[in-house]
Amino acid sequence: MAETAAAPAPRATIGNSEFDRDTEVFARAPGVYDTELSAGWTIISAVNGGYLLALVGRALAHALPHSDPFTVSAHYLTASEPGPAVVRTQIVRAGRGLSTGQASLYQEEGGREVERLRVVASYGDLDALPDDVRTTALPPALPPVEQCFGPDDAPDRGAVPGSSAIADRLWLKLDPATLGWALGAPSGKGEMRGWFGLADGRDPDPLSLLLAVDALPPTAFEMGLSGWVPTVELTAHIRARPAPGPLRVSITTRNLAGGFLEEDAEVWDTADRLVAQSRQLARARL
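Sequence positions in the sequence shown follow full-length UniProt numbering and run 1 to 286.
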């Protein structure tokens, strides 16, 4: 089992936390949900893609017969901004084991509705899955929490590329081996690893895993790049309901070419289970 002694003390519960409030949606009509994109989840001037994925994922959980995301694929069409938004959903297929739907998030811009994000997803019941696991995957070899570093450990948080409001909502402790960028000496490797949780101690659930796959600093930082790395497309697979306690997240990039890079993420829980995987394509600011 993973060492978790230094995790944040729980001050919030699933369903009653800042994350839950900031991803809440309100039914306006069948399949149509009003929401408010919180400024608390911004990176530089843009709303974090994982937060957006979780918010739209919550709307689909209301719209579909099943409540647990299994696979969620999103295309980020335009940059979202804090403020009012609407999510329009559609049921594509409702089966006994899996239901598939699509959703789009819109915001008003210049007197017209602009699509920010388009999602296709399949939902099911994670608790109904068989226990049989056959895997060669191994959890990331992270140092103990007390030997890792987060935003609060930086002598000047404002000087760290990508620092933003979202850092106050997360509990992040990054592997020092992937922190050369913060010291002005990036390793050149496309790797980012760390312990992850919500700052208020809320335990993870399937929806918060959609945030976790896109919440660490970009691997581009450790490759010597800086600034915003906007997501073009992100697909997340939720493999199991996570156990209570902090998560371990490992992200790797093997290929930066033509101004684009991929990020492959794995998320592990305190029971040493691979609970989420993702791949995203992002634009690198060269």
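Read the hints as simulated data drawn from the structure, not as lab findings. These numbers were taken from a predicted model, which means no experiment stands behind them. One or more of the hints may lead you astray.
[Stated by the list, open to error] Pairwise CB distance ranges, derived in the manner of DEER restraints: (1) G259 with P130: 16 to 22 angstroms; (2) N16 with D125: 21 to 27 angstroms; (3) E113 with A39: 19 to 25 angstroms.
[Unchecked claim] Within a straight-line C-alpha distance of at most 25 angstroms, the following computed SDA-like cross-link-like pairs (lysine to any residue) qualify: (4) K189 with E233; (5) K189 with I44; (6) K189 with P244; (7) K189 with G224.
Here a beta-carbon is modelled for each residue, glycine too, at the ideal position from N, C-alpha and C.
Status of each hint after checking the structure:
no.	hint	result
1	G259 with P130: 16 to 22 angstroms	43 angstroms, violated
2	N16 with D125: 21 to 27 angstroms	23 angstroms, holds
3	E113 with A39: 19 to 25 angstroms	21 angstroms, holds
4	K189 with E233	22 angstroms, holds
5	K189 with I44	24 angstroms, holds
6	K189 with P244	31 angstroms, violated
7	K189 with G224	9 angstroms, holds
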